[in-house]
Amino acid sequence: MDTILDLFFNFDFMWDHKDEILDGFWITIKLSLVGGFFALIWGLILSLIRQLPGKVLAPFRWITIGYIDVLRGIPLLLVILLISNGLATLASEGVIPKEIGIPQWLGESDPFWYGVIALTLTYGAYMAEVYRAGIEAVPRGQMEAARSLGMSHGQAMRYVIVPQAVRKVVPPLLNDFIALTKDTALISAIGLAETVQVGSDLYSQFFSLSGYTAGAICFLVLTLPLARLVDWQIKKQDEKFQRGIP
Amino acid sequence: MSDSILSVTNLKKSYGKLEVLKDIDMEIKKGEVVCVIGPSGSGKSTLLRCLNMLEQPDGGTITLKGNQVFGDGKSQDLDVLRRDVGMVFQSFNLFPNMTAEGNVSIAQRKVRNRKGDFCKERSVELLTQVGLAEKVDEYPDRLSGGQQQRVAIARALAMDPEVMLFDEVTSALDPELVKGVLDVMRGLADDGMTMVCVTHEMAFAKEVSDRVIFMDGGLIVEQGKPEDVLGNPQEERTQRFLGLVLDH
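Residue numbers (the working numbering), protein chains in the order written: chain G, 1 to 246; chain A, 1001 to 1248.
Any given hint might turn out to be false.
Said to hold, decoys possible - Negatives, chain G to chain A, calculated, CB over 10 Å: (1) Ile49; (2) Asp69; (3) Gln142; (4) Leu149; (5) Ser200; (6) Ser208.
As the list claims (entries may be wrong) - Straight-line Cα separation of at most 27 Å, DSSO-like style, residue types lysine-lysine; simulated pairs: (7) A/Lys1030 x G/Lys55; (8) G/Lys30 x G/Lys98; (9) G/Lys55 x A/Lys1017; (10) G/Lys55 x A/Lys1110.
Quick caveat, the hints were computed from the structure, so don't treat them as lab data.
Backbone N, C-alpha and C fix where the C-beta goes; we use that ideal spot for every residue, glycine too.
With the hints as extra help, turn the sequences into a complete structure.
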């Protein structure tokens, strides 16, 4: 029993290495926020292209549907490896400039930005489906009323449909954000010293698992409040839209 | 005819195998109030929705103010057509994310490019006209059905349309709320607005309209002055329909 406690819950060990652990956690937070931000935007763009009307624009819809299907169908780890090795190789072959192939924007490392790109590409696809559900849940009459006033499709989307759709999908978007936060751990595979990688480093150096446990605690600090926030949002919507049956 | 504002010829529309509009010719003159009546499924709502190109007809022509907006299966700039044709729906379709004033202002600002202050003033004026001066800042979910429908009418009027289309606008209302909406429509008719109303309100049709059109099976069966069509119908189908709706 003492061995287990010592291996997994050695708080002295955690305290001694709090600087490394918190540095890793800080990278996880930055990665989640930046990746989540771009995924939210990219997802909305994808869902809007998917909703474009008319025969002429059909190819754009097909390409978007294909993209969403493919990115949802392959592992994020594979996307991370393809992006990091792909961009780095293209840069070293001179196909693309080094600033893009080995991005070190705003003082962040290149694995960080490869991670952001991979998260945006994959979670953009997931979030596009969430937005789509929200857009399709807005009654048809809303679009008809907007168009009957002479608004273009784009104006109707911008002022009438999307504001209603986004409100409906805040909880599922937050759920995707929680999943994204946890999936940042996969970026340890390309050597980014985020929470999980720090745990691994501590394990290989000291054979203590308490670094992993500290990482788990860090993730929970982030995800548990988010989970409660989702529940609170759902409850708020329920109160607004339905009257309870006694 | 020079005073024709909206005309359709040989209008056809099918949903799959179901022919909803078979061959409709109709002409609306400036200032005319036309009520379209007929049994459920006769195509009257579809006709109205084709006039605003919310449904794409399969054939025929639609001409607004001398400009052919639809013909040969192709349509002109629909946003321009819809700007000049106001539409009010059975289910109101107010934008729930905006106040009453916001609902009336949004298209003025974004489609007509009017300045904010001017829009707001005009919206308040229109909401006052439909009897909702105190509800300017309320959201739709705080309004009764009748109030929502009057906001919807104000919203359509804000675009200064040449023609107003009313699609069974009182059918979803509680009986005691119908009068308020019909009163607003009466006022519009008195002011000379050109109106096409699909309606089940026979008393309203009789009193307000210049012409009543009876549709059945995707065709115009009979039309004329309200006292003739409603009081002394010539066609057997019209007589049967009126017998059913008036005898209760």
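Structure-based check of each hint:
1. Ile49: Given a closest Cβ separation of 20 Å, the condition holds.
2. Asp69: holds, 29 Å
3. Gln142: violated, 6 Å
4. Leu149: violated, 4 Å
5. Ser200: holds, 48 Å
6. Ser208: Correct as stated: the minimum Cβ-Cβ distance to chain A is 54 Å, above 10 Å.
7. A/Lys1030 x G/Lys55: Judged against 27 Å, a Cα distance of about 36 Å means the pair is violated.
8. G/Lys30 x G/Lys98: Judged against 27 Å, a Cα distance of about 23 Å means the pair holds.
9. G/Lys55 x A/Lys1017: This hinted pair holds, its Cα atoms lying about 22 Å apart.
10. G/Lys55 x A/Lys1110: The hint holds at about 26 Å.
This entry does not satisfy hints 3, 4 and 7, going by the numbered hints stated previously.
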